[in-house]
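Chains A and B, in that order, give the protein sequences.
End of the first sequence = 1956 in the numbering used here, gap-free, step of one.
End of the second sequence = 1956 in the numbering used here, gap-free, step of one.
Keep in mind that the hints were calculated from the coordinates and are not lab data.
Keep in mind that a hint or two might mislead.
Since copy identity is lost for identical chains, a pair holds within one copy or between any two.
Claimed, not checked - List of simulated lysine-lysine pairs, DSBU-like, C-alpha gap at most 30 angstroms:
hint : residue 1 : residue 2
1    : K1469     : K1935
2    : K1770     : K1685
3    : K1922     : K1685
4    : K1935     : K1922
5    : K1773     : K1745
6    : K1547     : K1469
7    : K1860     : K1492
8    : K1685     : K1935
9    : K1596     : K1492
10   : K1770     : K1745
11   : K1639     : K1609
12   : K1745     : K1685
13   : K1492     : K1935
14   : K1659     : K1407
15   : K1871     : K1773
16   : K1871     : K1935
So you can see what is in the structure, the chains are spelled out below.
Protein chains: 2
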Amino acid sequence: MKVALAQIDTTVGDLRGNSEKILAALAEASRRGAGLAVFPEQTLGGYPALDLWEESGFARANEKALSALAQKTRGAAALVGFVSRSKVRVGKPVRNSAALLHEGRIVAVRHKTLLPTYDVFDEARYFEPASENRPIAWGGLKLGVTICEDAWAEDSSAGRRLYASDPVSAQAEAGADLLLNLSASPFLLGKAGARKRLLARLAKRARRPLFYCNAVGGNDEIVFDGGSLAYDAKGRLRARAAFASPDLLVVDAKTWEGASVAPEPSSIGQVGDILILGIKDFAAKCGLQTAFIGLSGGIDSAVVAALAVRALGPRRVVGVSMPSAFSSRGSVDDARSLAKNLGIELLSAPITGVYDALLQALGEKWGKGTPDLAEQNLQARARGVVLMGLANKSPRGFVLATGNKSELAVGYCTLYGDMCGALAPLADAPKRLVYELADWLNDGRELIPPDSIAKAPSAELKPGQKDRDDLPPYDQVDAALDAWMRARHEPPRVARAVGGRAVAEALLDRMDSSEFKRRQAPPSIKISSKAFGVGRRMPIAKAGWRARSGS
Amino acid sequence: MKVALAQIDTTVGDLRGNSEKILAALAEASRRGAGLAVFPEQTLGGYPALDLWEESGFARANEKALSALAQKTRGAAALVGFVSRSKVRVGKPVRNSAALLHEGRIVAVRHKTLLPTYDVFDEARYFEPASENRPIAWGGLKLGVTICEDAWAEDSSAGRRLYASDPVSAQAEAGADLLLNLSASPFLLGKAGARKRLLARLAKRARRPLFYCNAVGGNDEIVFDGGSLAYDAKGRLRARAAFASPDLLVVDAKTWEGASVAPEPSSIGQVGDILILGIKDFAAKCGLQTAFIGLSGGIDSAVVAALAVRALGPRRVVGVSMPSAFSSRGSVDDARSLAKNLGIELLSAPITGVYDALLQALGEKWGKGTPDLAEQNLQARARGVVLMGLANKSPRGFVLATGNKSELAVGYCTLYGDMCGALAPLADAPKRLVYELADWLNDGRELIPPDSIAKAPSAELKPGQKDRDDLPPYDQVDAALDAWMRARHEPPRVARAVGGRAVAEALLDRMDSSEFKRRQAPPSIKISSKAFGVGRRMPIAKAGWRARSGS
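Generate coordinates for the entire structure from the input sequences, incorporating the hints supplied.
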């Protein structure tokens, strides 16, 4: 039998639109000879629907949409994800489910067993797990259906096994001929390798072909990277769907006719493609039109603008130059070159007058002492107000924030200033990665001006200011960030990673105490195993618990 | 034996400070003849420590602090909460635990069985549940120790039972003489009644005295209300600790000598006390000093200022009047009267010049058409920048946002404008409740000027603007809000609650589409069963799934 991997991009809550996408993919799969099409997890209602899953009406609407969809299935059978009401009287009211639809009927329904509840996942908040799942007997075959996390029982990236059972192997033991997994597995750098190893092992151990259909597309902070996979009974990779774009693979599960393995971009290419898809889908799914980006002449805003142009096209991106008394001539020129290279409109709105008026409003006493962070914040916020003003006047206009993960980690950014935006595409990219993105975007051409890349980073909020005067070098910041946030090392190991105890402790203090800024930061796009935002939940009001050298 | 309920206010992460508080309460309990002191859940590390619970160093530091604490226990035994490393090889690495400490030793450790994972609770994200808990044999007694949610097995406020087991009754069946529960149960209006009914039933059914020690104090968005309880073996309430303030009750579990039932404030008094404690603890635990509040002359900012004065004292509260061309004389006067009544400093910073400079910076084209929301946002943001500027110049200064829940629900507020702030005390209070708070705060005196209460609400962002011109009356807004957010009714029932289909659907659209603003809102203080913020997780990029009359 030919199996289709229908890697589609759904929108959360859009039961009608998602149903239409399912039917279109199913028709194409049938046309290409598939007998069965596997779709991603939660195909009907999108993933993650979060607290929509708690609304009793949402599960009812899912079930209704599923019935309507079943009635329209012709040709290939469809294995689609949806949310169903639990029939158990105790526990969570709904389940994360998959239904096999064929020739107008709902043939069978199965539920997810392992509910990821860590990082960006909150499934124990919503779902009642399956207590048992038997293979689905259909067309002379036994289909071993599992959902996403069910395939990750043996993952030990958390440093230990989270689950005592292995639902995929259980399907094989119960006699499944084919292993099918519906997935919504978000991108993070390095995950593709783990995913492949895990699935190859499952197929090999079970001696069954395994078809894994992943979702694709951006949903707020997470982006599904697609790359759906098919393995033969020996655990050999036979087919892979496109990275970070919708795709439909039709593969013969016996002869492997038609199987093709889509190329996988380089690491930095993956990050770039994911950020572009994340921006594109956020705008599309929120109904946003034109992105406004403050162009400082620096590398961060240049990279965001170049990504936005790739996501939205140059006509939907507007650069805004907002020089102050502290902006260098070079910075303004770099912003102009960038806009020219990208083919985008560049508006100029100097903020000197706004800054002076703010000083006036704040009164004589305010500005009397030595200028400090308050003056710098004032400028950043004046820019934020101007930028938001431009976006608010433009139909469905929005702002893209340009801050990177290193700045956000140490709080080197201004709340309501440069942190303004509907989305902050680089907020999970450390400074080092921003440089790599600039090279990747340039790809030999000169899109981002060489000077924006080469010059020392500067916030240009006071005379002659350079980031290196306010912060340790970014190599040290990034080392501290990784040790503190991803690896969660204790201070002595952070100090070794950074190469100095005093600098490490100063950075730890900055990182710990910037939680209040991050709580109000725009949504980001997750590309690492631990991003700021929904997958990281830190108290604001707290005391440092770590044993430091001084305590 | 005399049992102490040691209702203390801990700080998240402050292992050392919390240990000192435990020892002080224990000494006082011993002095008053107690043989055993029960403390709140997670006494050592505070609740909720959130992702700190995931840091392996945090559990180790907890265990170390527990050992150090045990060595210092003299006199009464202490039952304290902490986080321990799981000894099971599979599953989450840590547990939500309680230890009995006595005369220098850790006598026994028990773990939490039921892990709340809904609303503001994420315990399945962090903790491995207890598989079994036996009573602790100690001093000729068997202590039936459970932790918070363990006592809520029979709660059906979610519309169904969440748990199949009942750990408190299981302790009684296993022979416990005394039932002891360590709790961190946040305030929400109406919960006290449910708590009392539940605990009385457990004591009565088990025919055992039950001692319930609740935490007290604010931790970011949630405030524990204390009110610790003691029931006799017939399920009769014998003792209650103070509402919303630290307390130490010492009660004889046989004779009930010394038992006293602290009075419970009225509903609005509870809300007021909780908001005051929430502001006070947020400032204290974040090390914040002076609160800056934009005083518009309206009721919201007046109520926030009055609450802040109760929390921090008049010297740590500064009012800021920021009139524009659209501000009425009356509004400025009302702000002045309020500041005078509260005894706080009032700064004046007219924003007319800033607004004009912003128009200048945005260019001629920007301001050409009919003024719309963009102009209104500009003014709100000019005020935000000025207010933040004042706070940033003041040592440990911070801004309190003044928006209420009704505004936040329908998006009648400006991101980076009036939404600026470290904390938004009224963001869980619908407009109706703000009026009740004003009356409660006035308490017969004239603290909040009568005109601020009596006049029609206005944002004063365009000539003659009144909220009622932009929104339906607040009675309808609040009815829609409650039906949509708390009750989660579908559109037909929302329409009945609001009293009109068209107005209900317009409000539903506004509420659904304002998610992007709420994502960047300051933390609030939870007072209802469903607050915006950490306990409510909604996608931004989504399509409306509800069947509306038009679809």
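How the hints compare with the structure:
Taking CA atoms no more than 30 angstroms apart as the test, K1469 paired with K1935 passes between copies only; the shortest distance there is 28 angstroms, against 37 angstroms inside one copy. For the homomeric pair K1770 and K1685, the shortest alpha-carbon distance between copies (28 angstroms) is at most 30 angstroms, but the shortest distance inside one copy (47 angstroms) is not. Proximity of K1922 to K1685 under the C-alpha cut-off of 30 angstroms is found in both arrangements, the shortest distances being 26 angstroms within a copy and 20 angstroms between copies. In this homomeric assembly, K1935 and K1922 come within 30 angstroms of each other (Cα to Cα) both inside a single copy, at 17 angstroms, and across copies, at 24 angstroms.
Within a single copy, K1773 and K1745 get their C-alpha atoms only as close as 42 angstroms, which misses the 30 angstroms cut-off; across copies the closest is 27 angstroms, which meets it. For a Cα distance limit of 30 angstroms, the shortest separation of K1547 from K1469 inside one copy, 27 angstroms, qualifies, whereas the shortest one across copies, 54 angstroms, does not. Taking the shortest alpha-carbon separations for K1860 and K1492, neither the intra-copy value of 63 angstroms nor the inter-copy value of 53 angstroms comes in at or below 30 angstroms. For a Cα distance limit of 30 angstroms, the shortest separation of K1685 from K1935 inside one copy, 22 angstroms, qualifies, whereas the shortest one across copies, 32 angstroms, does not.
Taking the closest pair of Cα atoms, K1596 and K1492 come within 30 angstroms of each other only across two copies (29 angstroms); inside a single copy the shortest separation is 35 angstroms, beyond that limit. For the identical chains of this complex, K1770 and K1745 are inter-copy neighbours only, at 22 angstroms across copies versus 44 angstroms inside a copy, given an alpha-carbon limit of 30 angstroms. For the homomeric pair K1639 and K1609, the shortest alpha-carbon distance inside one copy (5 angstroms) is at most 30 angstroms, but the shortest distance between copies (62 angstroms) is not. In the homo-oligomer, the alpha carbons of K1745 and K1685 lie at most 30 angstroms apart inside one protomer (22 angstroms), although the nearest pairing across protomers, at 53 angstroms, exceeds that limit.
In the homo-oligomer, the alpha carbons of K1492 and K1935 lie at most 30 angstroms apart only across protomers (26 angstroms), although the nearest pairing inside one protomer, at 36 angstroms, exceeds that limit. Taking the closest pair of Cα atoms, K1659 and K1407 come within 30 angstroms of each other only inside a single copy of the chain (8 angstroms); across copies the shortest separation is 75 angstroms, beyond that limit. For a Cα distance limit of 30 angstroms, the shortest separation of K1871 from K1773 inside one copy, 24 angstroms, qualifies, whereas the shortest one across copies, 39 angstroms, does not. For the homomeric pair K1871 and K1935, the shortest alpha-carbon distance inside one copy (28 angstroms) is at most 30 angstroms, but the shortest distance between copies (45 angstroms) is not.
In summary, the structure is inconsistent with hint 7 from the numbered list given earlier, while agreeing with all the others.
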